[in-house]
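J.: The listed protein sequences correspond, in order, to chains A and B.
Each residue of the first sequence is one higher than the one before, counting from 1 in the numbering used here.
Each residue of the second sequence is one higher than the one before, counting from 1 in the numbering used here.
It is possible that part of the hints are untrue.
[Said to hold, decoys possible] In silico DSBU-like cross-links for lysine-lysine, where the CA-CA straight-line distance does not exceed 30 angstroms:
(1) A:K287 x A:K418
(2) B:K111 x A:K135
(3) B:K28 x A:K372
(4) A:K418 x B:K28
(5) A:K175 x A:K372
Hints are computed from structural coordinates only; laboratory data are not their basis.
Predicted model only: the values in this text are computed from it and were never measured.
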Amino acid sequence: MAVDVKPDPQSIGENPLIEGLERLPVPATTLTIFGATGDLAHRKLLPALYNLAHEGALPERFNLIGISRREMPDDEFRELARNAIVKYSRRETDPTVLEGLLGRVRYVGFSFDDVASYAKLKKVIEELDEEGGGKLNRAFYLSTAPEFFPVIVGALKEADLNYDADVDVRCIIEKPFGTDLESAVELQAVVEHVFRENQVYRIDHYLGKETVQNVMAFRFANFMFEPVWNRNYIENIQITAAEDIGIGTRAGYYDQAGALRDLVQNHMLQLLTLVCMEPPASFEADKVRDEKVKVLQSITPPTPEEVRECTVRAQYTAGDEGGEDVGGYLQEEGVPDDSRTETYAAIKLEVHNWRWAGVPIYLRTGKRLTRKVTEIAVQLKPVPHLAFQSHGSVGVQPNQLVLTMQPNEGVSLSLGAKIPGSSMRIRPVNMEFLYGSAFMSQSPEAYERLIMDAMRGEATLFTRNDEVIAQWSIIDPILKAWAADDEPLHTYESGTAGPKAADELIAPHKWRGL
Amino acid sequence: MEDLWREDDTTPGAIEAALRRMFVERHKEERAYVPARVMNMVVIADREFRGEVENRLQRVGRFHPSRLLLVLVDPGRTRLAASVRIGTVDAPKSGSISVGRERVSLLVGEKHLKKLDTILDPLVVTDLATMVWSPHGYPEAVDELRQLAQIALLDSQDEQDVERALARADSLSHDTYVVDLAWLRSTPWRERIAAAFDSPRRRPDLKAISAVTVRHREDSLASGVLFCGWLASRLGWEPGALSQGRGKWTGSAHTRRQDIRLTLEPVEMSSPGLAGVTIEMASGQTVSLDRSPGGLRASRRERDGTERAWTVMGASRGEGGILGEGVRQALLRDPTYRPALKSAEAMVV
Chain A
1 MAVDVKPDPQ SIGENPLIEG LERLPVPATT LTIFGATGDL AHRKLLPALY NLAHEGALPE
61 RFNLIGISRR EMPDDEFREL ARNAIVKYSR RETDPTVLEG LLGRVRYVGF SFDDVASYAK
121 LKKVIEELDE EGGGKLNRAF YLSTAPEFFP VIVGALKEAD LNYDADVDVR CIIEKPFGTD
181 LESAVELQAV VEHVFRENQV YRIDHYLGKE TVQNVMAFRF ANFMFEPVWN RNYIENIQIT
241 AAEDIGIGTR AGYYDQAGAL RDLVQNHMLQ LLTLVCMEPP ASFEADKVRD EKVKVLQSIT
301 PPTPEEVREC TVRAQYTAGD EGGEDVGGYL QEEGVPDDSR TETYAAIKLE VHNWRWAGVP
361 IYLRTGKRLT RKVTEIAVQL KPVPHLAFQS HGSVGVQPNQ LVLTMQPNEG VSLSLGAKIP
421 GSSMRIRPVN MEFLYGSAFM SQSPEAYERL IMDAMRGEAT LFTRNDEVIA QWSIIDPILK
481 AWAADDEPLH TYESGTAGPK AADELIAPHK WRGL
Chain B
1 MEDLWREDDT TPGAIEAALR RMFVERHKEE RAYVPARVMN MVVIADREFR GEVENRLQRV
61 GRFHPSRLLL VLVDPGRTRL AASVRIGTVD APKSGSISVG RERVSLLVGE KHLKKLDTIL
121 DPLVVTDLAT MVWSPHGYPE AVDELRQLAQ IALLDSQDEQ DVERALARAD SLSHDTYVVD
181 LAWLRSTPWR ERIAAAFDSP RRRPDLKAIS AVTVRHREDS LASGVLFCGW LASRLGWEPG
241 ALSQGRGKWT GSAHTRRQDI RLTLEPVEMS SPGLAGVTIE MASGQTVSLD RSPGGLRASR
301 RERDGTERAW TVMGASRGEG GILGEGVRQA LLRDPTYRPA LKSAEAMVV
């Protein structure tokens, strides 16, 4: 079992100076990134750290250690980091801040499965502690291929790096947390053998997005929607994460993962929980996550027979993308000719509780669809009695509330309105709110928020162990049924809204137009 | 892209009608046009300062207010003149919205300032917060807007007499939420001092502070006093009066257990605000922060005399950034400013 972590520092009394400050102090931390030369580190993590440094948001004492297999001196890694930051930072870099950050960077090269080499890492951490005049908190960020997660976690314990009586030790684990239920449970067993749950921060970067957090603000800061937010008024809910591009150069990863693992198991189920959860008593990590887990546990995983009825998977074929001819998935570089990986997934789920019983929740995601959009569409029931004539107009339509995450974050509510003229004809109009018009500030990247929260020990926007297991419990039967099914895959032409079979899945309802 | 309407000898009603008409036209032409709806900002300045005010506002970048009402005072003018510009900052992009901005420029005489609320009331977007900023005087015009505006933006540094500056901020804070740029210049210092004492090991030291020295640009005394006022209000010190001598302000604050020596020293520096802070503990420990390239230079001397120094990273926001932060802060609420202001006032009486 993992050892006990030290008592909560808050128990010694609040710091009266933090009242009213927007940026709360972050404990001095040495952050170690495993996979520091990888794509995620270069595109997201290093630029996020620079932006935190630029804003003065990093801890007053901060060190970064990069780890990857390649041997190289500190300066060579600093140069790689500099190039990545300059290329991918959301703001122009300030040379003095960038140099300051790079001055805090060290590098250690070793193979993640070389347990003996973790002593080198420990030595560097201790050197940095000594330079800083005392022990700093330790955060280990696992940004490697998932097969190394248990290896690294185990090696951290072997090297006695998983716990320190004087400081907090945290482990940040990138997605995917497992590739199916069994592997997630196995990984969890390794993780909980080494760390306490409150030391573990499982990343689903969607939760770090401002617009995703806004779903909670929309629901729980506005009284007017709560009375209709249930089975009595809502006909169905559609959650869409559509992309207009193909898999690009990610064939190696994508062909192993597929749409279900890539987006549904994590991001889309997270959106579902935010839409369906009960209001938490407070915005504390465990209060929020308790409510999300309740939703996931209220979804009965489908049986193999039900999978046929409640899911559709498909692959894109040749078609158009932005007016250009494009090949199909099987023609993508690196994709095997006989690949049965889905690039489109649609699922019908139901949350079996008093609030949602009988309300179908449809999830769909796909590559090479007509448009890039991530949204939650809540379709309300039609009015019980139609007093208006419908000829000469589309008539009274059920209200629809759409929460859009991207590309234009906002909320849209469709309402019936009278068409000007002598007769009482109705057509739907939209009442729209766009975040971009009401908040001029630029949102920080999701990783900036998440790295800060992890260093501060704030876990609300991270996935808890029971949450991730509950997610896999829903998805695993679908994966198994699909693996056992040798019928030809559905296909859809690139640049279209998806396969026809998805329309049958949702009938008698209809997908909202992309 | 901008639409323009202007009229000499006009009325608030005519300006408001022009605004409405222009929105309809703009939306017909450009479906992606979305009016920004963050806040109204009223700026009062002499006509000759128009360029300077516009330049300063341009540098606030993305924190620009949605509707800007620029009241330009033209001494002796008897008739109201106005121009309205509606446009978007960036050229519209395919598949994206174009967030609009609105600027109403009013040319007024002194006589209009006494009735400024009735002139501006029809021109502000209803239900949006309204902020008033008068960077070059005209306090009487700001006073006329105390009921219309919810926020007053000011810079206590603009007033040479710090006592008068703080008293003015205090007076305005009875009717409006005050955003004081002199206070915002101290924000990074407050954040870092809070962080320096945040670890459980360091937190008890807050009760042992024996002296505070604040180094500031000569004209930024207000920021320094507000910083000391903040410490006093947060840590429960009884503020005592500061006195001026040998170029600096000195005095003390008190707790039941000890006195805390306060010193404010002017130093040469190019940008306004604070240059450094040193906090001493009764045990002889000190914590210092000083401006340096790429952030703040922090140093700490321990009880045993050992010293360590390091850089706390952060880019300077510059004066444009401070004003932008002021606009952004207008829609937030900082519960610590008024208590800090009260303590600061007690220090400069």
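J.: Within 30 angstroms, alpha carbon to alpha carbon, are K287 (chain A) and K418 (chain A)?
T.: violated (45 angstroms)
J.: Has the given pair, K28 (chain B) with K372 (chain A), been kept, meaning a C-alpha gap of at most 30 angstroms?
T.: holds (26 angstroms)
J.: Are the Cα atoms of K111 (chain B) and K135 (chain A) separated by 30 angstroms or less?
T.: violated (66 angstroms)
J.: Is K418 (chain A) within 30 angstroms of K28 (chain B), Cα to Cα?
T.: Measuring from Cα to Cα gives roughly 20 angstroms; hence the hint holds.
J.: Straight-line Cα separation of K175 (chain A) and K372 (chain A) no greater than 30 angstroms?
T.: Roughly 22 angstroms between the alpha carbons, so the hint for K175 (chain A) and K372 (chain A) holds.
Figure legend: structure checked against the earlier numbered hints; hints not met, in rising order: 1, 2.
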